[in-house]
Amino acid sequence: MSYPVIKGAGYALIHTPDMIIHNGTTQTTERITNPESEYLKKITDHIRTYEEVINYAPNQVYIGNITPEDLRNYKLPWFDKDVPEANRFGKFGEIMPQDEFICLLKIVDSFDLVKLKKEFINNLKVKMQNHPLFKNDMDQLKEGEEIEEIEKMVKEQHAEALYHEGNLVGCVKKAHDIDLNLTAHILFENLVVKASGMLAFKHLINKNNIDVSDIEYVIECSEEACGDMNQRGGGNFAKAIAESVGAVNATGSDTRGFCAAPTHALIEAAALVKSGIYENVVIVAGGATAKLGMNGKDHVKKEMPILEDVLGAFAILISKNDGVNPVLRTDLVGKHTVGTGSSPQAVITALVTTPLERGGLKITDIDKYSVEMQNPDITKPAGAGDVPEANYKMIGALGVKRNELERKELLNFVKEHGMPGWAPTQGHIPSGVPYLGFAMKDLTEGNINRAMIIGKGSLFLGRMTNLFDGVSIVIERNSGKTEEVGVSQETIKKMIAESMRDFASQLLKE
Amino acid sequence: MNMFDGKKVMIIGDRDGIPGPAIEECLKGTGAEVVFSATECFV
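Protein sequence lines correspond, in order, to chains A and B. The first sequence maps to residues 2 to 511 in my numbering. The second sequence maps to residues 105 to 147 in my numbering.
What the hints contain is simulated information worked out from the structure, not anything from laboratory work. A couple of the hints might just be wrong.
To be verified - Keeping only pairs whose Cα atoms sit at most 30 Å apart, straight-line, the calculated DSSO-like set for lysine-lysine is:
1. A:Lys92 <-> A:Lys136
2. A:Lys482 <-> A:Lys321
3. B:Lys132 <-> A:Lys336
4. B:Lys132 <-> A:Lys394
5. A:Lys153 <-> A:Lys42
6. A:Lys143 <-> A:Lys153
7. A:Lys402 <-> A:Lys381
8. A:Lys240 <-> A:Lys321
9. A:Lys402 <-> B:Lys132
To be verified - One-sided and incomplete, this derived list gives chain B residues near chain A with beta-carbon spacing under 10 Å:
10. Asp118
11. Asp120
12. Gly121
13. Ile122
14. Lys132
15. Ala142
16. Glu144
C-beta: ideal position from N, C-alpha, C; glycine also.
The task is simple: from the sequences and hints, build the whole structure.
Rendered as structure tokens:
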């Protein structure tokens with residue numbers, strides 16, 4: 002059987018300090034419900050600098066400069082320890098500063114909704130002229146606006162303000178007088194998804210020597226919705242991002258499933274390639290400003306910096322088997338169904354052991370599990386625990402129950418088959434896929450033969466069902482065999498023999 | 105006399121820990137009345 006492969010990965014983070022304050026829902030909610038709160042007064046003292054964000058170990062893992070295993074050398078908390086020789090650019094992508102990202106919002110703006118201050122643009126044109134991916138796009142920034150015009154749009158015309166270093170530098174205009182789906186706020190969030198998704202996509206192309214015109218289909222899998230009052234969530238971020246990167250031969254669609262969507266998208270992309278419908282499919286997702294500073298109150302209370310200060314984005318290319326890169330085992334897929342139930346045992350059985358049994362595998366046959374890879378430096382101080390570790394313990398416990406693992410081996414299992422979490426709590430971003438970039442190396446040059454990608458989603462947040470969701474897929478070292486799907490010589494001989502027999506028996510009857 | 109007899113229970117579950125419906129299931133057959141059950145996502 003010829004399985005599809007993971008052909009390339011691109012990852013990007015964007016440091017957005019002003020957007021924490023002005024666009025993160027914890028902060029915007031606080032401003033409405035408790036405008037004089039101590040938290041709002043203290044928040045600016047807890048914002049990290051761009052350099053601190055670059056030096057932060059989990060961020061260096063995200064862009065591929067150090068590995069998840071390297072992260073074990075840093076004792077928690079991680080925010081007070083710098084990575085030596087940390088770099089803005091990494092093997093998989095980059096950590097972009099906020100001012101450059103605001104320019105990307107303008108570059109992806111197809112409807113002239115983003116207005117930027119003249120001086121801001123002029124400075125950025127100089128700053129970005131050496132950026133490897135955008136130095137040729139500076140003309141798209143145009144001339145810019147006078148600050149008075151921008152102030153008027155924000156104060157009188159419901160435009161969403163864009164701040165940098167505490168100063169108003171631009172805005173996003175609303176696109177309709179009364180349509181609540183085309184408000185400036187929603188358009189801002191959607192442009193952030195498009196711009197950050199484009200950034201990761203461009204890194205995917207750039208870092209993996211990909212001809213962008215070979216890409217035939219794009220699946221976007223973030224958690225925002227674009228559309229108007231007649232089709233809220235009609236789409237389509239995928240094609241918009243494909244256009245922005247010059248994927249002229251691609252179409253696409255959006256897949257939604259809360260945090261589980263990236264793993265759903267991975268399985269869908271694998272299916273499209275396996276079936277032969279497309280040869281090259283990209284899954285891509287941009288980041289969410291709403292989640293910036295989500296646990297900020299706890300971080301400030303504990304005298305820590307607000308660690309949810311970056312947007313996350315990724316893009317992964319799934320292609321037909323090249324005999325080299327790790328394969329996606331489309332026959333070893335797990336799913337939490339409507340009837341599965343919600344007990345941890347039922348969930349892990351559905352996502353982990355059911356697909357493994359199908360392949361005659363044990364829990365310990367998977368070398369690395371990539372679950373919800375949330376960074377514990379963010380979640381533990383907020384009382385949400387260490388999410389990846391909790392997942393590994395549950396998987397290991399089921400292994401003990403199934404006699405595939407000794408109880409005393411449980412903690413070793415967590416260490417050997419798990420990884421410390423490094424992804425920002427951007428909902429869909431940590432969901433299994435942050436490991437795919439490393440998996441490409443671990444399952445080719447490294448000593449890992451099999452990994453499982455698991456995504457989970459909190460569907461109940463949408464108030465349509467009390468259910469949650471999850472899917473999983475096994476990835477494996479490539480055997481090097483890339484046989485084409487077709488009919489073997491043996492089968493043809495058998496078919497001819499059967500036809501001859503039928504023909505002969507027909508003649509005898511006559 | 106069961107410790108849950110006559111008690112009203114509010115359940116807040118965790119998606120990555122024990123979800124609300126699983127806790128509800130455990131309380132079935134006790135004397136507890138579940139008046140509120142929800143699952144939260146903390147990430």
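Now the hints, each set against the structure:
{"no.": "1", "hint": "A:Lys92 <-> A:Lys136", "verdict": "20 Å, holds"}
{"no.": "2", "hint": "A:Lys482 <-> A:Lys321", "verdict": "12 Å, holds"}
{"no.": "3", "hint": "B:Lys132 <-> A:Lys336", "verdict": "27 Å, holds"}
{"no.": "4", "hint": "B:Lys132 <-> A:Lys394", "verdict": "27 Å, holds"}
{"no.": "5", "hint": "A:Lys153 <-> A:Lys42", "verdict": "27 Å, holds"}
{"no.": "6", "hint": "A:Lys143 <-> A:Lys153", "verdict": "20 Å, holds"}
{"no.": "7", "hint": "A:Lys402 <-> A:Lys381", "verdict": "28 Å, holds"}
{"no.": "8", "hint": "A:Lys240 <-> A:Lys321", "verdict": "21 Å, holds"}
{"no.": "9", "hint": "A:Lys402 <-> B:Lys132", "verdict": "25 Å, holds"}
{"no.": "10", "hint": "Asp118", "verdict": "8 Å, holds"}
{"no.": "11", "hint": "Asp120", "verdict": "5 Å, holds"}
{"no.": "12", "hint": "Gly121", "verdict": "7 Å, holds"}
{"no.": "13", "hint": "Ile122", "verdict": "7 Å, holds"}
{"no.": "14", "hint": "Lys132", "verdict": "13 Å, violated"}
{"no.": "15", "hint": "Ala142", "verdict": "8 Å, holds"}
{"no.": "16", "hint": "Glu144", "verdict": "8 Å, holds"}
Violated hints amount to a single one, hint 14; each of the other numbered hints is respected by the structure.
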